[in-house]
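Engineer: What follows is the residue order along each chain.
Protein chains: 2
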Amino acid sequence: MKKLMNKPEDFSRETIEGIILAHPECLKMVDNNFRCVVRADERKPGKVAIATGGGSGHLPTFLGYVGYGLADGVTVGNVFASPSAEAMYEVDKAIDNGAGVLHLYGRYGGDLMNFGMAADLASMDDIRVEEVLVTDDVASAPKGEEDKRRGVAGLFYAYKTAGAAAEKMYSLDEVKRIAQKTVDNTRTMGVALSSCTVPEAGKPTFTISDDEMEIGMGIHGEPGIERTKLKTNDEVVEIMLNKIIEDLPFEEGAEVSVLVNGLGATPLEELYIAYRKVYEILDGKGIKIYRNYIGEFATSMEMAGMSLTLLKLDDELKEMLDFKAYSPFFKQDQK
Amino acid sequence: MKKLMNKPEDFSRETIEGIILAHPECLKMVDNNFRCVVRADERKPGKVAIATGGGSGHLPTFLGYVGYGLADGVTVGNVFASPSAEAMYEVDKAIDNGAGVLHLYGRYGGDLMNFGMAADLASMDDIRVEEVLVTDDVASAPKGEEDKRRGVAGLFYAYKTAGAAAEKMYSLDEVKRIAQKTVDNTRTMGVALSSCTVPEAGKPTFTISDDEMEIGMGIHGEPGIERTKLKTNDEVVEIMLNKIIEDLPFEEGAEVSVLVNGLGATPLEELYIAYRKVYEILDGKGIKIYRNYIGEFATSMEMAGMSLTLLKLDDELKEMLDFKAYSPFFKQDQK
Numbered sequence: 001m002k003k004l005m006n007k008p009e010d011f012s013r014e015t016i017e018g019i020i021l022a023h024p025e026c027l028k029m030v031d032n033n034f035r036c037v038v039r040a041d042e043r044k045p046g047k048v049a050i051a052t053g054g055g056s057g058h059l060p061t062f063l064g065y066v067g068y069g070l071a072d073g074v075t076v077g078n079v080f081a082s083p084s085a086e087a088m089y090e091v092d093k094a095i096d097n098g099a100g101v102l103h104l105y106g107r108y109g110g111d112l113m114n115f116g117m118a119a120d121l122a123s124m125d126d127i128r129v130e131e132v133l134v135t136d137d138v139a140s141a142p143k144g145e146e147d148k149r150r151g152v153a154g155l156f157y158a159y160k161t162a163g164a165a166a167e168k169m170y171s172l173d174e175v176k177r178i179a180q181k182t183v184d185n186t187r188t189m190g191v192a193l194s195s196c197t198v199p200e201a202g203k204p205t206f207t208i209s210d211d212e213m214e215i216g217m218g219i220h221g222e223p224g225i226e227r228t229k230l231k232t233n234d235e236v237v238e239i240m241l242n243k244i245i246e247d248l249p250f251e252e253g254a255e256v257s258v259l260v261n262g263l264g265a266t267p268l269e270e271l272y273i274a275y276r277k278v279y280e281i282l283d284g285k286g287i288k289i290y291r292n293y294i295g296e297f298a299t300s301m302e303m304a305g306m307s308l309t310l311l312k313l314d315d316e317l318k319e320m321l322d323f324k325a326y327s328p329f330f331k332q333d334q335k
Numbered sequence: 001m002k003k004l005m006n007k008p009e010d011f012s013r014e015t016i017e018g019i020i021l022a023h024p025e026c027l028k029m030v031d032n033n034f035r036c037v038v039r040a041d042e043r044k045p046g047k048v049a050i051a052t053g054g055g056s057g058h059l060p061t062f063l064g065y066v067g068y069g070l071a072d073g074v075t076v077g078n079v080f081a082s083p084s085a086e087a088m089y090e091v092d093k094a095i096d097n098g099a100g101v102l103h104l105y106g107r108y109g110g111d112l113m114n115f116g117m118a119a120d121l122a123s124m125d126d127i128r129v130e131e132v133l134v135t136d137d138v139a140s141a142p143k144g145e146e147d148k149r150r151g152v153a154g155l156f157y158a159y160k161t162a163g164a165a166a167e168k169m170y171s172l173d174e175v176k177r178i179a180q181k182t183v184d185n186t187r188t189m190g191v192a193l194s195s196c197t198v199p200e201a202g203k204p205t206f207t208i209s210d211d212e213m214e215i216g217m218g219i220h221g222e223p224g225i226e227r228t229k230l231k232t233n234d235e236v237v238e239i240m241l242n243k244i245i246e247d248l249p250f251e252e253g254a255e256v257s258v259l260v261n262g263l264g265a266t267p268l269e270e271l272y273i274a275y276r277k278v279y280e281i282l283d284g285k286g287i288k289i290y291r292n293y294i295g296e297f298a299t300s301m302e303m304a305g306m307s308l309t310l311l312k313l314d315d316e317l318k319e320m321l322d323f324k325a326y327s328p329f330f331k332q333d334q335k
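These protein sequence lines map, in sequence, to chains U and E. Everything in the first sequence is counted per full-length UniProt numbering, starting at 1 for the first residue and increasing by one. Everything in the second sequence is counted per full-length UniProt numbering, starting at 1 for the first residue and increasing by one.
Mixed in with the good hints, there may be bad ones.
What the hints assert, rightly or not - Within a straight-line C-alpha distance of at most 27 Å, the following computed DSS-like cross-link-like pairs (lysine-lysine) qualify:
| id | chain 1 | residue 1 | chain 2 | residue 2 |
| --- | --- | --- | --- | --- |
| 1 | E | 168 | U | 335 |
| 2 | U | 28 | E | 324 |
| 3 | E | 168 | U | 28 |
| 4 | E | 285 | U | 28 |
| 5 | E | 2 | E | 203 |
| 6 | E | 44 | E | 331 |
| 7 | E | 203 | E | 243 |
| 8 | E | 324 | U | 331 |
| 9 | U | 229 | E | 7 |
| 10 | E | 229 | U | 203 |
| 11 | E | 335 | E | 318 |
| 12 | E | 143 | E | 288 |
| 13 | E | 229 | U | 28 |
| 14 | E | 93 | E | 288 |
| 15 | U | 229 | U | 288 |
| 16 | U | 335 | E | 288 |
No lab work stands behind these hints, which were simulated from the structure alone.
Sequences are here, hints too, so could you generate the full structure?
Structural biologist: Written out as structure tokens, the structure is:
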């Protein structure tokens, strides 16, 4: 796969420069440092702040979810590489409104270590920091070890619900509780058809034959649970959705939100073909779709493939999901 | 490139079924025919209706621009194939509010013929039909023969401005005038890095070496103006933008809207790297960016590449561009 880029080492900086030039009314850097990006709109004193971050290459994750009803700041790493603890600490200081900061991010080794160090630094400044790890990827660890799983497209739901709670001026403990409840009720499975290319590597992260796909592959190319001959869209959806459904489990009578996410190179047409089958299967099991999201929400550069995510809803999570949200990358009116 | 699909011949139907299941509050079929999709919200008697259509495989073009402040109905062909005149005529009948219909679409042979026949059929029902062809692709015919050019991502601007005028209850003549003025002031250039695969063909539409790109290629793989070694993002932007600027021409003091469009497989990161250079070049020439759009607006399945579009604005076009628009695929608040 060929890339439209300049020097590989400038990839993340130039991306952020483009974003800030395009959306100055929404986003700004902290101290001219492209690694630290925060909301540019008016601050609300006493509002809990939400910080996120991680490697680049997943737009709209993570930076795309900095906005009203979502997160307040993001730390930007190089492609697929964790940003530094110092940069995370700078974001914490920049976004704290006196009510504390929730670190909300996907469970990856480098990010875990660096967000931990940033929390220590912030606490020395008397900024209270709590943490919720998103761990929605069913393929990354077996049932019973949910807390060892990676975070993938389900991150979106955690931003959406926790962001709404923060905007409603809930306390840090309450925002954390809602984020954790969201994670506990979110399950994702992905499938990859082709590799992506990290700019600094200059070649595909992994190889996969023209007639193969890998079910359960992670968004950085982490091994999945099965490499198999190419199946139909319907077959892929059935395999992935059944694994998701039995994992939580999602049962008859449940109300869910469905997220059909493109990993980068998969046409929107194919995501809707998948949604058609998701709808049919859930309908057959008596599981009701309350709200759907279909498009690119967490990508892996130009990887071909998709992921399916279900979030099991109760009245509180519905209220948070229905809350208005606004960023340059995601817009939703209040229901 | 591998596809997530079922039977190739079901690709367009299954796509539309998924879309209607996902967005029943916004879109519906006419007489259960997936080839004819119209707005599902309340009709405004006396409002000019806008019909569009063309082959599938370009989402969000065309169907994604059926909504408030945009078009009213779309006719859906197979991938890269024109829909029939009969289906277009069914859409005309379904959306006419008594004020006439504007056929607004990209200039391609099959669509020209079929929309023409549909207009004849509609006129026999006393539905007044006018037509505006979008012809923004600078690479597809030389200066002086602008009316022979193809329509590409600039379609978006024609929907946006004509759709706003229709929503403001302008007459058919006025909606047509605004659509034509938009087309007259819109210029696009694209670059392709890889081919797409049409489902029914099952193999890439064209071949291109791993170290090559084609500047000016059309969104169905039509030949461009130059096949060249892979250049940097900055170089590609400079070549394409200069051709656009000199074509209209866009001159110092002009106000423009910029659209940086991904063709399918190009990461959003790379589109923002391009926007950074667009901004620098326009700023250097004293051309002011009034509003930007960055993302996937007109795709070519999973083609890697992008297009740049400029629209030269006056006060009237700014007013139309700032008007609220809403579809499942495109949301913009009133400025």
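Engineer: Check the hint pairing residue 229 of chain U with residue 7 of chain E against an upper bound of 27 Å on the C-alpha distance.
Structural biologist: Holds, at roughly 16 Å.
Engineer: Below or equal to 27 Å on CA atoms is what counts here, so check residue 285 of chain E against residue 28 of chain U.
Structural biologist: holds, 25 Å
Engineer: Under the criterion that the straight-line Cα-Cα distance not exceed 27 Å, is the pair residue 229 of chain E, residue 28 of chain U satisfied?
Structural biologist: With Cα atoms ~36 Å apart, residue 229 of chain E and residue 28 of chain U exceed 27 Å; violated.
Engineer: Decide if the proposed pair is consistent with the structure: residue 44 of chain E and residue 331 of chain E, CA atoms, cutoff 27 Å inclusive.
Structural biologist: Distance ~20 Å between residue 44 of chain E and residue 331 of chain E Cα, so the pair holds.
Engineer: Do the alpha carbons of residue 203 of chain E and residue 243 of chain E lie within 27 Å of each other, as the hint requires?
Structural biologist: Measuring from Cα to Cα gives roughly 32 Å; hence the hint is violated.
Engineer: Hey, residue 143 of chain E versus residue 288 of chain E, does the alpha-carbon distance stay inside 27 Å?
Structural biologist: Given pair residue 143 of chain E, residue 288 of chain E holds - Cα atoms ~24 Å apart, limit 27 Å.
Engineer: For the pair we were handed, residue 168 of chain E and residue 28 of chain U, check the Cα-Cα distance against 27 Å.
Structural biologist: violated, 35 Å
Engineer: With the threshold set at 27 Å, check whether the alpha-carbon distance from residue 28 of chain U to residue 324 of chain E stays at or below it.
Structural biologist: Status holds; Cα separation ~25 Å.
Engineer: Residue 2 of chain E and residue 203 of chain E were given as a pair; does the straight-line alpha-carbon distance stay at or below 27 Å?
Structural biologist: holds, 9 Å
Engineer: Does the structure keep residue 335 of chain U and residue 288 of chain E at a Cα separation of 27 Å or less?
Structural biologist: With Cα atoms ~36 Å apart, residue 335 of chain U and residue 288 of chain E exceed 27 Å; violated.
Engineer: Does residue 318 of chain E lie within 27 Å of residue 335 of chain E when you go C-alpha to C-alpha?
Structural biologist: Cα-Cα ~10 Å, so holds.
Engineer: Does residue 331 of chain U lie within 27 Å of residue 324 of chain E when you go C-alpha to C-alpha?
Structural biologist: Holds, at about 13 Å.
The structure is inconsistent with the numbered hints 3, 7, 13, 14, 15 and 16, although it conforms to all the rest.
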